[in-house]
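Residue-level listing of the chains:
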Amino acid sequence: QVQLQESGPGLVKPSQTLSLTCSVSSGSIRSGAYYWSWFRQHPGKGLEWIAYMSYSGDNYYSPSLKSRLIISVDTSNNLFSLTMSSVTAADTAVYYCARGILTDGNYPTWFDPWGQGTLVTVSS
Amino acid sequence: QSALTQPASVSGSPGQSITISCTGASSDIGGYNYVSWYQQHPGKAPKVIIYDVSNRPSGVSNRFSGSKSGNTASLTISGLQAEDEGDYYCSSYTNTLAFVLFGGGTKVTVV
Chain A
1 QVQLQESGPG LVKPSQTLSL TCSVSSGSIR SGAYYWSWFR QHPGKGLEWI
51 AYMSYSGDNY YSPSLKSRLI ISVDTSNNLF SLTMSSVTAA DTAVYYCARG
101 ILTDGNYPTW FDPWGQGTLV TVSS
Chain B
1001 QSALTQPASV SGSPGQSITI SCTGASSDIG GYNYVSWYQQ HPGKAPKVII
1051 YDVSNRPSGV SNRFSGSKSG NTASLTISGL QAEDEGDYYC SSYTNTLAFV
1101 LFGGGTKVTV V
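Chains A and B are the protein sequences, given in the same order.
Each residue of the first sequence is one higher than the one before, counting from 1 in the working numbering.
Each residue of the second sequence is one higher than the one before, counting from 1001 in the working numbering.
These aren't lab readings, by the way, just hints derived from the structure by calculation.
If a hint is listed, it holds; no wrong ones were tucked in.
Here are some chain A residues pointing at chain B (derived, C-beta under 10 Å):
1. TYR52
2. SER62
3. PRO63
4. ALA98
5. GLY105
6. GLN116
In silico DSSO-like cross-links for lysine-lysine, where the CA-CA straight-line distance does not exceed 27 Å:
7. A:LYS45 to B:LYS1107
8. B:LYS1044 to A:LYS13
9. A:LYS66 to B:LYS1047
10. A:LYS45 to B:LYS1068
11. B:LYS1107 to B:LYS1047
12. B:LYS1068 to B:LYS1047
It should be emphasised that the depicted structure is a prediction, and the values quoted were computed from it without experimental measurement.
Just so you know, even glycine gets a beta-carbon here, dropped at the ideal spot from N, CA and C.
Just need the whole structure built from these sequences, with the hints factored in.
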């Protein structure tokens, strides 16, 4: 059963770049049936989609964050990553990675499983 | 303000049934059968309980069921149990550049 595990810095200073990694185990990232995805949840708030990417390189970003994001897939190490530049306190959140599943279209319609999440705090 | 609208809270007694609504638009819920529901317990990651409107992933209790009418999707929990307490989020594909929408979440309390 595939498992995902996020890793991140925990604390990032304002204006710096945040880098997150999601390791995929017990399954290959090389599948056309999935999109590798990032979400976040601000403290006490709801879920927000950030970005997703296929292993072959098709990537999609949340319009509100797009200018600050880069998502990438590393098939050699079976992991995918997210980079977010120019972070502010508003980027403080728990960040989750998840596998997006294509049902019968070109985009994932549901997400399973999810990683346990990693808390990122933006503060000087 | 979330793109999909859910009630902030719903409560019920053990054994009862409750229904959570999720209202969107023709560009998302109304136009596609791509609604999913996620259960989240405090401090835990979300877990999918319904996908593509009414399908249950393997291992999810059949007490959870989903449906859709027009621009509104619904999640019903029957035979409510204490372990069902938590937050529930609806999600939908959208044909806008947003791609993935979520509701604001509904807190389920078993009283």
